[in-house]
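Participant: Line by line, the protein sequences are chains A and B.
Start counting the first sequence at 1; every next residue gets the next number (the working numbering).
Start counting the second sequence at 1001; every next residue gets the next number (the working numbering).
The set of hints was computed from the structure by calculation and includes no laboratory data.
Mixed in with the good hints there might be a few duds.
Stated by the list, open to error - Per the computed footprint, the stretches of chain B lying under chain A, defined by three or more beta-carbons under 8 Å from a beta-carbon of chain A, are:
#1 1036-1044
#2 1064-1070
#3 1166-1177
#4 1196-1203
Stated by the list, open to error - In silico lysine-lysine, DSSO-like type, Cα no more than 30 Å apart, as pairs:
#5 Lys56(A) x Lys515(A)
#6 Lys1072(B) x Lys291(A)
#7 Lys127(A) x Lys1049(B)
#8 Lys56(A) x Lys509(A)
#9 Lys168(A) x Lys5(A)
#10 Lys171(A) x Lys193(A)
C-beta: ideal position from N, C-alpha, C; glycine also.
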Amino acid sequence: MRAEKKLAVCLTGNANVGKSVIFNQLTGLNQTVSNWPGKTVERAEGTLHFQGYTMKIIDLPGTYSLSSYSADEVVSRDYISVERPDVVVNIIDASALERNLYLTIQLLELEAPLVIALNQIDLAAKKGITVDAEKLSEMLQVPVVPTVATSGIGMQELLSKVIEVAEKPGKAPSPKHGREIEQRIGNLEQALKAGLPRLCSRYPPRWIAIKLLERDEDVGKHVEAEGGTWILSVATEMISGIEQLHGEPSSVVMASERYSLASRLAGSTVRIVSPPRVDMDQRLSEITAHKILGYPILAGILGCVFAVVFIAGGAMINILDGVFNGVLVPASEALLSPVLPPIFAQMVSGGIVWGIGAAVTIVLPYIVPFYILLAILEDSGYLPRAAFLMDNVMHKIGLHGKAFIPMLLGYGCNVPACVGCRIMETDRERFLAGFVVTLVPCAARTVIILGLVGRYIGMGAALVLYLFDLGLVLLLGRLAFRALPGEPVGLIMEMPPYRTPTAKSIARKTWVRTKEFVYVAFPFIIGGSVFLQFLSATGLINVLADLMSPLIESWLGLPSVTGVPLIFGVLRKELTLVLLADIGGTFDFSRILAPVQMIVFAIVTMIYIPCIATIAALAREFGAKRALAVAALDSVLAVFLGGVAYHLLSLVM
Amino acid sequence: MTEESNMSELLELVKTFTQQGRPVGVSQIASRMGIDPTDARRLVDLAIKSGFAAEASDVIELTAAGQEFVKKHREEYLHQRHFHRGSLAGRLRGFFEGRVTDWHGHWRHHGFDDESVRGFYRSMQDYRGRIEETVPLTNLGRGDRCTVVFALGGHGMVRRLAEMGLTPGTEVTVVRSAPMHGPVEVSLRGVSLALGRGIASRVLVKPATDNRSPPLPGA
């Protein structure tokens, strides 16, 4: 067999255009998800064999523009301009051509070897919109392939066009701006070519000129680093000329010009076949974003999600727990104890096997159903409606509506919620959201609240604890918002139309996320449990518990035996309950703890140091220093509030 | 109409014409303001006497004092529109604040950072068209159509809005707004966007004439 030729192909496009569906169609299961170096932006990569070519497909993050507004945009633009993939596939939504072409025009400015996938032509047809792909191709001088990603239509042709473009390099013309701006671009381009040939060999000079006129900070820095300060001052002069002429900031002038070109392109290729009518999507939007009805619907949907997660999760836990704790742990113990010294046997069976068991039996049963339901909510397009309804509440803690989405994730598990904070635009907002998220009671903490307070004191008390936590989230969020420097950012969010989620996409999302969760959380859970087994095997744990006992007994009013479960709780919060039963030798917690003690215990476990997997996720997203700060703050707060609750409640109960 | 509002309209008009590079005389003023040429003449004479305008070979131009007057007028107008919008509390606040002299400090007081204040002054300088016709996007009701005139705010925000399609001159329809000062959903260029209330109130638009609901009273 002859050697296959290699091609690097990347996918770009706005959010909600079916980009990841095309990526999945092309790569199947041959994909890996990682992060871009130095950035918390997801990098999905896959391979594909087609007509003797091996294509490496990179799924760039969904962006609306190629300025340096967010990390997503910087990643996309750096990849296209620096790594120079052989072909860039721009996926555009046929039913919103004008807005989608804005990015296309920027890609052409970047002189990317472009193929356009005109996607979702079926949905557009339903709305009565047809797009003349040939004419669009002719006007842009770029191949345009109509596709329906969800059913795989047009994929073969897309790939042949990709190969065609790769084999016959030759760039499409960069779109023309207005006369006065075009003149300035030309002059600046000449100056760049003459003055900074090295930079011009890396980036297209015309593109640098355009970006300088837009006051792009990133490009400005590059030019300055190459010793082009004089070019910057020329550009600044040109900018003030443009602004005087048009009366708007130059970036707005350039955006306006791109949009007027996009509008012209759309105007001559889009045909509205039937008049727009009120369809299912609009009716659904009407109800779910309704100013009164929207809220009970939101509460109902969330209620259903949690009910399903807890019922399904609970059932799965019972089965898996039987397998691990009933069979595997004793079996490994029996196998290893004759071979290894007892301390190692304990560390292996009690640490590694038990740790895996704990991760599999308690975390996954809640996480997997939650991920499935979340994927359904995401794919249907409901989440932006929820964010829309919750925007003003989130503003109370200095965040905007989008932060509601990671917070929602937090109720399932804090780990994916920390990762989910990536949807926030600025670093400040991301960290603020991450901090708030760690205070949201996850499934594990809910188990404690329900299993201890709910069962022995009453559901009312459990609800009060829940509300107390919600209040705490709002209060601390607000304090953090005040304390962190920087300005709050407002909400600018696209509201995608409602769609019917497909089973395939849901399964894939669930799989990818579960895998990611396993990678992040499992090493810490297992490592932590080995470490704790080591502490307990060497007796160090009792020393630790003794050290903590004044705090636990006199300040929190808890029996000193609770010290050990609280230490283990760092590993996973619901462990505290399991170990409490272990130490007390009974599952009837009312024989170990008085009602007040139960409440205090629940408060402390609810708030103190996030579990080790969450700390790991925080460290990965925001750095170790911030992660430790959050953990320390939460712990101090938990002990403080627990003590206050004990002293206050002792007076009344 | 009072003398003062007539005067501000006259000066705004002169400014608009000059900015567009068109010479403006008494006859244009009369037809644009819908008043008698003799009244227009009287008004222009008053402006010249007050030192706001100068006339040379039938072309009226603003003096430095006139420019200053227009700037203050726009600031005050926008300020009223944005922060003291008709409500009792707003009116009380406006009353106690009186005539503001330190505009930079005052905008900061309303939560604009220095960059957005600069952006604001830039927009003010460059603003073409009659300011009386614009209202914040939040003043429109559902189903109302309008045209974006300009966005007021920091460089980053204005640019982001432009990139999402909210460029000056874009036609926008208000789809719905969330209760209790929640965000506003608008549709433009075939897509729906949700804009936080704070951002939406800084997008100044010109309402279409055939809207069902008249815009809320501004100042």
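Participant: If a hint holds in the structure, say so; if it doesn't, say that too.
Facilitator: Checked hints:
1. Given as covered by chain A, the segment 1036-1044 of chain B fails the check, having 0 residues with a CB less than 8 Å from a CB of that chain where 3 are the minimum.
2. Requiring three or more residues with a Cβ within less than 8 Å of a Cβ of chain A, the coverage given for the segment 1064-1070 of chain B is violated, as only 0 such residues are present.
3. Counting residues of the segment 1166-1177 of chain B whose beta carbon lies closer than 8 Å to any beta carbon of chain A gives 6, which meets the minimum of three for the stated coverage.
4. As drawn, the segment 1196-1203 of chain B meets chain A at 4 residues by the rule of a beta-carbon pair under 8 Å; at three or more, the given contact holds.
5. Note on lysine 56(A) and lysine 515(A): the hinted pairing holds, with a Cα-Cα distance of about 22 Å set against a maximum of 30 Å.
6. Using a Cα cut-off of 30 Å, the hinted pair lysine 1072(B) and lysine 291(A) is violated, with the two alpha carbons roughly 39 Å apart.
7. For the hint linking lysine 127(A) to lysine 1049(B), the alpha-carbon distance of about 62 Å lies beyond 30 Å, and the restraint is violated.
8. With a C-alpha separation of about 21 Å, the suggested pair lysine 56(A) and lysine 509(A) falls inside the 30 Å cut-off, and the hint holds.
9. With a C-alpha separation of about 15 Å, the suggested pair lysine 168(A) and lysine 5(A) falls inside the 30 Å cut-off, and the hint holds.
10. Distance hint between lysine 171(A) and lysine 193(A) is fulfilled; the C-alpha atoms sit about 19 Å from each other, no more than 30 Å.
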